[in-house]
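Line by line, the protein sequences are chains D and E. Just remember that this note's numbering sits 1 ahead of the position in the first sequence, which is counted from 1. Just remember that this note's numbering sits 1 ahead of the position in the second sequence, which is counted from 1.
There may be inaccurate statements among the hints.
Listed next, the stretches of chain D that the computed footprint assigns to chain E, with coverage defined by at least 3 CB atoms under 8 Å from CB atoms of chain E [as the list claims (entries may be wrong)]:
| no. | segment |
| --- | --- |
| 1 | 243–250 |
| 2 | 362–372 |
In silico contact screen, one side only, chain E against chain D (beta carbon under 7 Å); selected entries [unchecked claim]:
| no. | residue |
| --- | --- |
| 3 | 62 |
| 4 | 63 |
| 5 | 327 |
Everything labelled a hint here was simulated from the structure, so no lab data went into it. By construction, the Cβ of each residue, glycine as well, lies at the ideal position given by its N, Cα and C atoms.
Here is what each chain is made of, one letter per residue.
Number of protein chains: 2
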Amino acid sequence: MSVVKPIGVHALVRRTHEDRVLVALRERGALSRSELATVVGLSRTTLSEITGSLLARGAIIVVDTDATSRSGSGRPAERLALDPRSGQYLGVDFGHRRVQVAVADASHEIIASGSARYDDGIDWRARLDTTFALIEEVSSERGTHFGALQAVGIGVPGPYARTTTAEPGMSWGRREPAEGIDEAFHDRFGARVVVDNNTRFAALAEALSIGSSGGDDVIYLRLSDGVGGGLVIGGRLVVGSAGLAGELGHVAVAGGTRSCRCGKTGCLETVAATPEILAECRRRGVDVNDLDDLRREVARAHPVVDAVLRDIGGAVGRALGTAAMTLNPSSIVLGGPVVDVAPALVDAARSALRFELASISPALPDFRTSTLGDLAGAVGAIAAVFRESPLLANYPGVADAVTPSPTMRSSIR
Amino acid sequence: MSVVKPIGVHALVRRTHEDRVLVALRERGALSRSELATVVGLSRTTLSEITGSLLARGAIIVVDTDATSRSGSGRPAERLALDPRSGQYLGVDFGHRRVQVAVADASHEIIASGSARYDDGIDWRARLDTTFALIEEVSSERGTHFGALQAVGIGVPGPYARTTTAEPGMSWGRREPAEGIDEAFHDRFGARVVVDNNTRFAALAEALSIGSSGGDDVIYLRLSDGVGGGLVIGGRLVVGSAGLAGELGHVAVAGGTRSCRCGKTGCLETVAATPEILAECRRRGVDVNDLDDLRREVARAHPVVDAVLRDIGGAVGRALGTAAMTLNPSSIVLGGPVVDVAPALVDAARSALRFELASISPALPDFRTSTLGDLAGAVGAIAAVFRESPLLANYPGVADAVTPSPTMRSSIR
Chain D
2 MSVVKPIGVH ALVRRTHEDR VLVALRERGA LSRSELATVV GLSRTTLSEI TGSLLARGAI
62 IVVDTDATSR SGSGRPAERL ALDPRSGQYL GVDFGHRRVQ VAVADASHEI IASGSARYDD
122 GIDWRARLDT TFALIEEVSS ERGTHFGALQ AVGIGVPGPY ARTTTAEPGM SWGRREPAEG
182 IDEAFHDRFG ARVVVDNNTR FAALAEALSI GSSGGDDVIY LRLSDGVGGG LVIGGRLVVG
242 SAGLAGELGH VAVAGGTRSC RCGKTGCLET VAATPEILAE CRRRGVDVND LDDLRREVAR
302 AHPVVDAVLR DIGGAVGRAL GTAAMTLNPS SIVLGGPVVD VAPALVDAAR SALRFELASI
362 SPALPDFRTS TLGDLAGAVG AIAAVFRESP LLANYPGVAD AVTPSPTMRS SIR
Chain E
2 MSVVKPIGVH ALVRRTHEDR VLVALRERGA LSRSELATVV GLSRTTLSEI TGSLLARGAI
62 IVVDTDATSR SGSGRPAERL ALDPRSGQYL GVDFGHRRVQ VAVADASHEI IASGSARYDD
122 GIDWRARLDT TFALIEEVSS ERGTHFGALQ AVGIGVPGPY ARTTTAEPGM SWGRREPAEG
182 IDEAFHDRFG ARVVVDNNTR FAALAEALSI GSSGGDDVIY LRLSDGVGGG LVIGGRLVVG
242 SAGLAGELGH VAVAGGTRSC RCGKTGCLET VAATPEILAE CRRRGVDVND LDDLRREVAR
302 AHPVVDAVLR DIGGAVGRAL GTAAMTLNPS SIVLGGPVVD VAPALVDAAR SALRFELASI
362 SPALPDFRTS TLGDLAGAVG AIAAVFRESP LLANYPGVAD AVTPSPTMRS SIR
C-alpha cells in the first residue's frame, strides 16, 4: 500500500455560500460569526442562517466563547470551527489491479488519499479486505475518523447501471459483477453509498476540473488495463439507457483484427489498452513488460517504441475523431497511466484528431491529458456524492442513492 | 408544389392540462365550461384558470351563450371554442432540393402540410419565394389564416448554431449560410422565429413520436441528398459545443475512399447519401438515376441492386454500432426517403448493428425506421417552437428565440 500526500483539489463543485463558510473555517481555523461574515463577504443575517444549518447538521461546532477579545459589553461571541470528525466523504475507485481511495472534508477539500494493489484475479471479498485496510491506514495517518462519514462514492470497473437489472452479458467476460458492494460499505461505515462505473466518475472529475470554460461537453477516454470512457454532454454526466454510455473501448478501429474480451473483433481496447501497447512493442522485438520498462525505452528514444506509440496514438485519435464528430464536444481528455509515460502516443492522438476534424474547424475540441491522474476516479466518486454539480442533474445513481434495501442482498460473502 | 392531406400527429409533446382543454375543443367543437370540466376531468376552478388564460391569449373565443339548453335559473352558460384564426404554428424544413411546410393549430395538431421542389443551386431569395408561395397555397386550401401566427420553426440544412458566430468553414462547401432567414420570416409573418439544423429538428420529432418508452436516448440518422443525424441524450436534444452534434454523415467508415464535400475522405455520406447509392448501382452496371428508378429495380428484385443496398446498409449499421457503443441509446431511428424504397438496406443496417453489439446485449437499442417520413423536419420545427417538451430543456435555439435584432441584418435580398 502507498499513502500519498493529500493534494488540493479546489473548486470540485461550484462554491456555494455554505462552501465559502466551510472553506474559511478550514483555512483560518476557528472564527466568530462576525469574523466569518467579514471573511466570506456575507451579511450577518445570511451567515447566521448558514451557520445555524451547519451546526444543526454537525458539520461545524462551537469551540469556545471568545471572551478575552470581546470589545463591547454584549454577550461574548462564540467561535465556530469545522468538526474534524464530521462531514467527511470517501471516494473509492476499484481498478482491475489496484484500489484508490480519497477522503474529502466538509469543505470539499481532498485531505487524504492512498492506493493499494491486488491481483486481477482475486474475488471481491479479498478486494474489500484490502480496501478496508487501506482506508484504515489512510485515515490513521491523517488522524481522521470515519465515525461521522457522510457518504461513500464507489467506482467499479465495467458497466454499472443502478437502473437496470444486471444481466449475465453485463459482466463482460472475466469480471464478476460488483453487486452487493454498496451493502458491504454501508455495513462497514453506516453511510449513504453511491456506486457507478469508475471511468464515468473519472470523466465527471475531469469535466469539473475543466470548469465552466469547456467542461459542459467533454469526452473522456482512459487507457489503462482496459480502455474506457465517459461523457459529459450539455452539462450533464451521461449514463446511457443501460449504463453503458461512453464505452469507447469497444468501438471498432479500422484494421483491427484481434479478438476482444467483449466478444467482438478489432475493438479500440485490443489496440490501445496498456497490455496491448506493451505486447505490440514485444511483437516488434522490444522487451517491455510493464510501464516502467516502457518509460525506460521512451527515455532513450527507442525508434521502434516511438513508432508503436505513434501508430497506436493515431488509432486513438481517429476513434476520438469519430466520437467528436458525433458529439461535438468542447473538450477531450485523455487519461490513464500510459499518458504520462508516452508523450508520443498523446501527440499522435492529437494530430490524428486534428486531421479528422480539420475540414470542420468549429468541431475541433480542446485536447488535453488528465490533470487528476490516477486519483480521478476516486475524486469523481466524491463529487458524485456531494451531489451539488449541475453536471449531475437527473443523474440516476446519485438521485436514487439510499442505503441498500434488504432485497439487494450481497453477492459478497 | 404538392399539398398533401394533413396527418394527425398526436401527442407531439406531453399533454398539459391546457393541451387537454384545447384538444377537447378541437375534437368536440364548442363546449360550455361545465361540459369542458367533465370532458377533461378537471375541477371547475382549475379549468376556469386555464380557459381564462386561453381567452386572454386569444387561443379560444366565446362563440355563443348556451341559453337554450340551460337547465337552471342562473346566468346562461357561455360556450367556448378554438379560434380558428389564432394559435397557429408554422414549421418549415428547407432541404437541398425541396421545402416542406406544416401547420399546427393551438391544440398542437398538424392541420395542413405541403412541399415544393427547387433546384439545389438556387439562392435563398428564390427558395424563400417558393416557400412563401407554398405557405399561401397550403393555408388557402385549408382556409387557415396566418394573421395570428404564434411562431415559426425553421429547419435549414447544414450545421447551425445560434450561439456561435458563423465561420467560413461552417458552410461546408457549396452550401451558402442561411443567415437572415429568421428576419425574412419575421418580416413576413410578424411572429417569433426559431432556426436550427433541419435534421436535428427531425430527430426531435422522431424522439417525441417514440415517447416515454424509449424516446429519452435516441440516435436519428437520415439518409438523403446528404447524410445527417441528431441526438437526444438523457431526455434532451443535444446541440454540441458549436451546433455540430449528430453530424454522423461525416464519421469515417472502414474502407471508405471517396472524397467528401466536407474535405475529408471516406465519410459515411460518401457511401450512404442517396446520390451515392444510385451512383454505386450505376458503377455496378444498373441504370438508376433517381429513387423511382431504384424502387422499380427493387420491385423486380434486381440482384445487383440488392447487393449494393446490403453493402451500404452494412456500412450504415457499423457506423450506427459505433455511435451506439458510445452513447448507449434506447432507440435508433433511420430516416430519409430511401428508407421506404430500399428495405434491403434497412435490413442490412439492422443486422450489422446487431452484430456490432451482439456481445453486449444491454447495449442493443430498438431499431426502427422513421414514422414521420419527410414531414419529420417540419414537425420537429413546430415542436421546438411549442417549447413544452422536457427534451428541449436548456435548448439554446429555443430558449433564446426572440424576434431578430437589428444587428442581425439579412443576407437575403
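- Task: With a cut-off of 7 Å on the beta carbons, see whether residue 63 of chain E makes it to chain D.
- Result: violated (42 Å)
- Can the segment 243–250 of chain D be counted as covered by chain E under the rule of three residues or more with Cβ-Cβ separation shorter than 8 Å? Answer holds; 7 residues pass the 8 Å Cβ test.
- Can you take a look at whether the segment 362–372 of chain D is actually covered by chain E? Rule is 3+ residues, C-beta closer than 8 Å. holds (count 4)
- Mind checking the CB of residue 62 of chain E against every CB in chain D and telling me if the closest is under 7 Å? violated (40 Å)
- When the least beta-carbon distance from residue 327 of chain E to chain D is tested against 7 Å, hint result: holds (5 Å)
When the structure is compared with the earlier hints, violations turn up for hints 3, 4 and for no others.
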